[in-house]
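> What follows is each chain in one-letter form.
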Amino acid sequence: MPADPIIRVENLSAGYDGAVIMRNVNFTVNRGEVFVILGASGGGKSTLLKHMIGLYQPLTGRVFIDGDDIVSAEGEARYAILKKIGVMYQSGALFGSMTLLENVRLALEEYTALDDDAMDLLARTKLRLVGLDAFAGHMPAELSGGMQKRAAIARAMALDPMILFLDEPSAGLDPITSATLDELILRLADSLHITFVIVTHELASIYTVADRVIMLDRRKQGVIAEGDPKVLRDTSDDPWVRQFFRREAAVEPA
Amino acid sequence: MTALDSAVAAPAIATLAVANATDGSRELRLAGRLDAYSIAGVWWQARAEVQRMRDRRIVIDATAVDYCDGGGVAMLVDLLRQERPPTAPVVVRGLKREFQTLLDQFDPASLRAPAGAPPERLRSVEEIGRAALIVERDIVTQIAFIGETSSAIWYAIRNPHRVRWKDVWYTCEQVGVNALPIVALISFLLGLIIAFQSAVPMRQYGAELFVADLVGLSILRELGPLMTAILLAGRSGAAFAAEIGTMKVNEELNALTTMGLDPVRFLVVTRILAALLTVPLLTLFADVIGIFGGAVTMVSFNIPILAYLREIDTLVDVKDLWAGLAKAPAFAILIAGIGCLRGLQTQSGASAVGISATRAVVSGIILLVVVDGIYAFIYYLLDI
Chain A
1 MPADPIIRVE
11 NLSAGYDGAV
21 IMRNVNFTVN
31 RGEVFVILGA
41 SGGGKSTLLK
51 HMIGLYQPLT
61 GRVFIDGDDI
71 VSAEGEARYA
81 ILKKIGVMYQ
91 SGALFGSMTL
101 LENVRLALEE
111 YTALDDDAMD
121 LLARTKLRLV
131 GLDAFAGHMP
141 AELSGGMQKR
151 AAIARAMALD
161 PMILFLDEPS
171 AGLDPITSAT
181 LDELILRLAD
191 SLHITFVIVT
201 HELASIYTVA
211 DRVIMLDRRK
221 QGVIAEGDPK
231 VLRDTSDDPW
241 VRQFFRREAA
251 VEPA
Chain B
1 MTALDSAVAA
11 PAIATLAVAN
21 ATDGSRELRL
31 AGRLDAYSIA
41 GVWWQARAEV
51 QRMRDRRIVI
61 DATAVDYCDG
71 GGVAMLVDLL
81 RQERPPTAPV
91 VVRGLKREFQ
101 TLLDQFDPAS
111 LRAPAGAPPE
121 RLRSVEEIGR
131 AALIVERDIV
141 TQIAFIGETS
151 SAIWYAIRNP
161 HRVRWKDVWY
171 TCEQVGVNAL
181 PIVALISFLL
191 GLIIAFQSAV
201 PMRQYGAELF
211 VADLVGLSIL
221 RELGPLMTAI
231 LLAGRSGAAF
241 AAEIGTMKVN
251 EELNALTTMG
261 LDPVRFLVVT
271 RILAALLTVP
281 LLTLFADVIG
291 IFGGAVTMVS
301 FNIPILAYLR
311 EIDTLVDVKD
321 LWAGLAKAPA
331 FAILIAGIGC
341 LRGLQTQSGA
351 SAVGISATRA
361 VVSGIILLVV
371 VDGIYAFIYY
381 LLDI
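So the protein sequences, as listed, match chains A and B. Note that this note's numbering has the first sequence beginning at 1, numbered continuously upward. Note that this note's numbering has the second sequence beginning at 1, numbered continuously upward.
Simulated from the structure, these hints should not be mistaken for laboratory data. Hints should not be assumed to be uniformly reliable.
Derived Cβ-Cβ restraints for the label pairs, each shown as a range [unchecked claim]:
#, chain 1, residue 1, chain 2, residue 2, range
1, B, PRO329, A, ASP174, 39 to 45 Å
2, A, LYS220, B, ARG123, 36 to 42 Å
3, A, ILE176, B, VAL362, 38 to 44 Å
4, B, ARG97, A, VAL231, 51 to 57 Å
5, A, TYR16, B, VAL369, 34 to 40 Å
6, A, ASP174, B, ARG54, 53 to 59 Å
7, A, ASP160, B, ARG123, 55 to 61 Å
8, B, TYR379, A, GLU142, 49 to 55 Å
9, A, ILE176, B, ALA350, 29 to 35 Å
10, B, ARG54, A, TYR16, 58 to 64 Å
11, A, LEU114, B, GLU120, 43 to 49 Å
12, A, GLU109, B, ILE139, 32 to 38 Å
13, B, TYR379, A, ASP69, 50 to 56 Å
14, A, LEU114, B, TYR379, 48 to 54 Å
Predicted model only: the values in this text are computed from it and were never measured. All C-beta atoms, glycine included, are put in the ideal place defined by N, C-alpha and C.
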């Protein structure tokens with residue numbers, strides 16, 4: 001399959017309050033692949049993600065989503081890009097004052113001219129996809145952490161985006177729930193051809209879901225490895241990368 | 001013997017004996033149990049000894065130590081890290097192997113420097129300058145927020161179908177209906193007290209009846225709107241800041257932004273509209289209850305309620321009522337706006353929401369007083 005980039009990150013430098021976290025980061029994500037951003041805690045993974053979805057303004061560089069630069073886009077152009085993406089935040093970030101169904105319906109209410117019944121049905125199908133249609137009338141606080149994350153995926157998919165960004169989908173979940181989420185990701189990627197960009201440090205789920213990974217390192221302020229995770233584990237020259245994949249402790253003080 | 005038995009059996013004390021060794025070095029003999037509970041006494045003794053014997057080699061003999069945990073290791077590291085001439089080092093001898101491995105994890109020299117340089121203290125002039133800059137930035141933010149909010153409200157007025165009316169009505173209930181009891185209580189007491197405090201001296205001149213004018217004018221023009229607004233700043237301003245602040249901490253605001261939904265339109269406009277709809281009504285309610293409170297006092301001073309009302313009717317004009325009610329929309333925008341702004345400015349962390357709620361109330365009340373002053377000036381110029 002020829003490479004068909006859907007996201008292109010060019011010369012991205014980022015930081016806060018004068019401190020630079022990453023310098024000149026370049027990579028592409030291909031259409032339909034499950035792309036994982038790896039790195040140690042504090043390595044800038046979530047920061048990179050938030051630059052890719054336009055929440056943070058980079059110091060320099062551009063991020064092209066399906067050909068359009070999200071960094072410089074404003075107004076209608078920006079909304080057009082945002083409609084192509086869905087985001088699941090680390091905490092789920094469901095709206096606490098709305099039921100699951102209302103959470104999923106919200107984007108439909110705002111962007112479509114569907115009638116009430118149609119929106120309800122559409123929202124229910126999204127909840128069915130993540131196995132939560134029985135909980136449509138529940139408030140987020142009544143659900144477990146894993147269910148909240150699945151509901152957040154359903155909400156992110158409300159408008160059938162081309163790309164889903166997941167920030168630490170398995171953080172704080174038990175292995176079984178986390179495996180269920182992995183299965184869900186693979187199923188959605190296969191059936192709906194959604195491109196996934198996932199930030200995580202769960203090795204087990206990386207081997208299961210990832211087509212390609214990049215690894216960030218704070219000390220080198222950027223990407224230190226890119227490719228198939230199993231290949232990286234076996235062949236990388238970088239001692240830190242090998243350590244990460246083999247779950248070894250740091251040799252040098254971090 | 002289980003671990004618990006041995007812990008009970010061993011005397012939970014550490015001892016220190018000091019002696020001069022034959023080779024001229026000073027020997028500190030530690031014995032017993034070195035844990036966080038037992039070492040306090042020996043620690044400062046040992047440290048004092050190490051600091052006193054600055055020129056002599058010091059040997060810490062730990063042969064008789066039968067237990068040493070993280071606490072004991074910390075004490076040994078402390079003794080080893082003292083700055084000393086190379087001819088007079090501190091050495092530890094005879095520590096049991098399992099304890100020695102604990103100690104070997106630390107490099108005493110690296111623990112010498114205090115962890116992280118203490119933040120440099122600024123000169124007071126610089127502190128004042130920085131504080132002034134923060135105030136200036138805050139004012140600029142508030143002005144920018146007023147602009148952003150006005151454009152969002154203008155958009156809402158031109159596109160009423162785009163407003164989330166369900167949220168507006170819900171907020172109206174929170175801000176308006178649920179505030180009725182407290183507004184009633186405060187304005188009733190206000191009317192009662194003003195009437196009573198002024199009736200007592202005015203009675204000496206037989207002028208009790210004019211209390212009606214005083215109560216009527218001050219409640220309608222000034223106190224009704226202002227007290228309602230201050231109550232609302234404490235009730236709803238703080239609530240708005242806390243609600244929006246919690247949403248920010250939970251990343252819900254980020255979720256709105258990436259869904260392409262403007263948080264200002266979504267959260268701020270609904271709240272400001274709700275306040276705009278309810279605050280004038282609440283003010284009118286406060287006016288009525290306040291005048292009624294005054295009436296209760298008057299009746300107790302043997303002035304018939306009808307005489308009280310007729311007196312108000314003759315001296316207090318309808319334009320006084322309007323002068324007070326005209327302030328209500330401005331106060332509403334102010335309270336709701338500043339509450340939402342402080343909520344949107346919430347930083348991360350558990351205390352951030354509390355700080356935002358506090359700032360919402362404080363800035364709200366300050367701005368209320370300022371705006372009320374501006375109104376008074378305008379009314380004076382217009383001779384209202």
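> Each of the hints needs a verdict: does it hold here or not?
Hint-by-hint comparison with the structure:
B:PRO329 and A:ASP174 have their C-beta atoms about 53 Å apart, which leaves the hinted 39 to 45 Å range violated. The given range of 36 to 42 Å is respected by A:LYS220 and B:ARG123, whose C-beta atoms sit roughly 38 Å from each other. For A:ILE176 and B:VAL362, the Cβ-Cβ distance of about 49 Å falls outside the hinted range of 38 to 44 Å, so the restraint is violated. Checked against the hint of 51 to 57 Å, the C-beta distance between B:ARG97 and A:VAL231 comes to roughly 44 Å, which is inconsistent with it.
Between A:TYR16 and B:VAL369 the CB atoms are about 36 Å apart, so this pair conforms to the stated range of 34 to 40 Å. Restraint check, A:ASP174 to B:ARG54: a C-beta distance of roughly 58 Å satisfies the suggested window 53 to 59 Å. In this structure the supplied range 55 to 61 Å holds for A:ASP160 paired with B:ARG123, their Cβ-Cβ distance being about 59 Å. Against the hinted window of 49 to 55 Å, the Cβ-Cβ separation of B:TYR379 and A:GLU142 comes to about 53 Å, which satisfies the hint.
About 30 Å separates the C-beta atoms of A:ILE176 and B:ALA350, a value consistent with the hinted range of 29 to 35 Å. Separated by about 47 Å at the C-beta atoms, B:ARG54 and A:TYR16 break the suggested range of 58 to 64 Å. A:LEU114 and B:GLU120 have their C-beta atoms about 60 Å apart, which leaves the hinted 43 to 49 Å range violated. As the Cβ distance of A:GLU109 to B:ILE139 is approximately 37 Å, the hint placing it in 32 to 38 Å holds.
Roughly 53 Å separates the CB atoms of B:TYR379 and A:ASP69, a value that falls within the hinted 50 to 56 Å. For A:LEU114 and B:TYR379, the hinted distance range of 48 to 54 Å is satisfied, since their beta carbons lie about 52 Å from each other.
Hints 1, 3, 4, 10, 11 from the earlier list are contradicted by this structure; the remaining hints agree with it.
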